[in-house]
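Single-letter residue listing:
Number of protein chains: 2
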Amino acid sequence: MNHATVRQRADMLEFLELCAARNIRFVSIWGDEIEKVGEDRALARMQALGLTAVGYNRIGPFDADGLARAERDLERAAQFGCDHVFLFTGGLAPGEKDLPRARRHAEEVIARLLELARGYGVKLALEPLHPMLVGDRTVITTLSQANDLCDRLGAGLGVVIDVHHVWWDPCLAAETARAGDAGRILGFHVNDWLVPTRDMLRDRGMMGDGVIDLAAMEALVRGAGYDGPVEVEIFSKDWAERDPAEVIDIAIERCHTILPTSRSVETTAT
Amino acid sequence: MNHATVRQRADMLEFLELCAARNIRFVSIWGDEIEKVGEDRALARMQALGLTAVGYNRIGPFDADGLARAERDLERAAQFGCDHVFLFTGGLAPGEKDLPRARRHAEEVIARLLELARGYGVKLALEPLHPMLVGDRTVITTLSQANDLCDRLGAGLGVVIDVHHVWWDPCLAAETARAGDAGRILGFHVNDWLVPTRDMLRDRGMMGDGVIDLAAMEALVRGAGYDGPVEVEIFSKDWAERDPAEVIDIAIERCHTILPTSRSVETTAT
Numbered sequence: 003m004n005h006a007t008v009r010q011r012a013d014m015l016e017f018l019e020l021c022a023a024r025n026i027r028f029v030s031i032w033g034d035e036i037e038k039v040g041e042d043r044a045l046a047r048m049q050a051l052g053l054t055a056v057g058y059n060r061i062g063p064f065d066a067d068g069l070a071r072a073e074r075d076l077e078r079a080a081q082f083g084c085d086h087v088f089l090f091t092g093g094l095a096p097g098e099k100d101l102p103r104a105r106r107h108a109e110e111v112i113a114r115l116l117e118l119a120r121g122y123g124v125k126l127a128l129e130p131l132h133p134m135l136v137g138d139r140t141v142i143t144t145l146s147q148a149n150d151l152c153d154r155l156g157a158g159l160g161v162v163i164d165v166h167h168v169w170w171d172p173c174l175a176a177e178t179a180r181a182g183d184a185g186r187i188l189g190f191h192v193n194d195w196l197v198p199t200r201d202m203l204r205d206r207g208m209m210g211d212g213v214i215d216l217a218a219m220e221a222l223v224r225g226a227g228y229d230g231p232v233e234v235e236i237f238s239k240d241w242a243e244r245d246p247a248e249v250i251d252i253a254i255e256r257c258h259t260i261l262p263t264s265r266s267v268e269t270t271a272t
Numbered sequence: 003m004n005h006a007t008v009r010q011r012a013d014m015l016e017f018l019e020l021c022a023a024r025n026i027r028f029v030s031i032w033g034d035e036i037e038k039v040g041e042d043r044a045l046a047r048m049q050a051l052g053l054t055a056v057g058y059n060r061i062g063p064f065d066a067d068g069l070a071r072a073e074r075d076l077e078r079a080a081q082f083g084c085d086h087v088f089l090f091t092g093g094l095a096p097g098e099k100d101l102p103r104a105r106r107h108a109e110e111v112i113a114r115l116l117e118l119a120r121g122y123g124v125k126l127a128l129e130p131l132h133p134m135l136v137g138d139r140t141v142i143t144t145l146s147q148a149n150d151l152c153d154r155l156g157a158g159l160g161v162v163i164d165v166h167h168v169w170w171d172p173c174l175a176a177e178t179a180r181a182g183d184a185g186r187i188l189g190f191h192v193n194d195w196l197v198p199t200r201d202m203l204r205d206r207g208m209m210g211d212g213v214i215d216l217a218a219m220e221a222l223v224r225g226a227g228y229d230g231p232v233e234v235e236i237f238s239k240d241w242a243e244r245d246p247a248e249v250i251d252i253a254i255e256r257c258h259t260i261l262p263t264s265r266s267v268e269t270t271a272t
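From first to last, the protein sequence lines stand for chains A and B. FYI, the numbering for the first sequence is 3 to 272, going by the numbering used here. FYI, the numbering for the second sequence is 3 to 272, going by the numbering used here.
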């Protein structure tokens, strides 16, 4: 479970308790949420509850402020035992229109961050975001582009596949297999694409409420050799306002119904 | 100039007058707008004003209703002397989640339409639409996919490149060159991507108001051998409400400023 799904109403300590009570064992966490409750308390609670942190959110955007915090984030991610740290490149800088140049710049930054990350023993995760977010959120938009980057930059860099961002891609099957063959699929995020989608950032759906063939998507990722947890990450104004326990319960139920091969959502009660 | 840019306030006859008065020589037209003013009047006015129709909008969505009108649209497009007819596949059918299957189905429909279109001497245009529109508007989302389809289906099928739909694509340069090498670029549509984009269908920007490097995009398309007109197509609530003459004047001015190699927007006054 990714904390972003319920962070509006549950701080990190509450989130960890809610997950542990439902026998969710893997969580993805946020640096700013750790700071809100205090690093020591957050880490102690996570360990006491026997939870494992998978993804750490995040390094970026790649401007001066975002990069100034990068080393601290890597150190903290290592301290929390995270498998990978998400890279969030940001979109075009103000006034910038040269997208190929922005992409080359992002690659240079990632190469430098990778050197640092190797020192901390933490992997870096490229999560291609939906092409509608290129203007203001990312310059990495397809799994193909992320795979190319990983090929060029080498060990320690992998990809996270979020259904919302890649479900439309005609190259999805081939590029998922390519990522799997390279052993670089670090995560698999689920949610859904609503029709209509009213907001580009905060109108994702709960699994099953939209048009994505989630079972087929999981089959692709599992077929490519990924055997890690399924991560529920729903950025949604609607779901953010609901009771966090209810949201997590529904998410678990949907995963069980829709993703029969999921291994991440294991509950004692069902 | 594409009539959609000003259709909310100018019917087809007014639109044609506005274009001719500004020495715009090429227009793209809509079947439903022809019907509103009458086919005979529309055609007579177009001919009297010496205007040439480039694109005809459109065949689709690919449901029973949309396809029932296809032959009539092809016949009319030929009558109006249009170079090409746009194919608008539509998105996933209600309840449908199998996107690869929907794509195979669309390809079968296009193959049948192509047979018909050849008989009328009209080309069919695949315009890959933005990936954010896969759920409800199209299953053809990248220039690469459109090129693959053209390769498979053969003569009479080409692509239209609209900056709004493809500007984000890391494969854009390669796929534009590929389309150019095959002699299949039928049109080049300009507008802009606004940050933020508040609506997926009707919030496109006027050229220069957004983040797309339009000069670079035109250089790509011209470099690939396309020597046809630049088409202004702006689906926008804001621009639709403004005075059509003003909108066209601004569009011409922006094309002159931003796209120095444009040949389509030729005015006597500037």
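Keep in mind the hints are simulated off the structure, nothing from the lab. Mixed in with the good hints, there may be bad ones.
For identical chains, the list gives no copy identity; a pair is met inside one copy or between any two copies.
Once the Cα atoms are required to be at most 20 Å apart in a straight line, the calculated SDA-like pairs of lysine to any residue come out as [claimed, not checked]:
(1) K239 with M202
(2) K38 with D65
(3) K239 with D201
(4) K38 with G230
(5) K239 with L196
(6) K99 with G207
(7) K38 with A175
What you are looking at is a predicted structure, and each value in this text was computed from that prediction instead of being measured.
Now for the hints, and whether the structure bears them out:
In this assembly of identical chains, K239 and M202 lie within 20 Å of each other by CA distance both inside one copy and across copies; the values are 11 Å within and 18 Å between. In this assembly of identical chains, the alpha carbons of K38 and D65 never lie at most 20 Å apart, being 23 Å within a copy and 52 Å across copies at closest. In this homomeric assembly, K239 and D201 come within 20 Å of each other (Cα to Cα) both inside a single copy, at 9 Å, and across copies, at 17 Å. Taking identical chains as interchangeable, the C-alpha atoms of K38 and G230 are never at most 20 Å apart, the minima being 29 Å within one chain and 58 Å between chains.
Within a single copy, K239 and L196 get their C-alpha atoms as close as 13 Å, which meets the 20 Å cut-off; across copies the closest is 22 Å, which misses it. Taking the closest pair of Cα atoms, K99 and G207 come within 20 Å of each other only across two copies (15 Å); inside a single copy the shortest separation is 32 Å, beyond that limit. In the homo-oligomer, the alpha carbons of K38 and A175 never lie at most 20 Å apart, since the shortest distance is 40 Å inside one protomer and 45 Å across protomers.
Comparing the model with each earlier hint shows violations of hints 2, 4 and 7; every other hint is respected.
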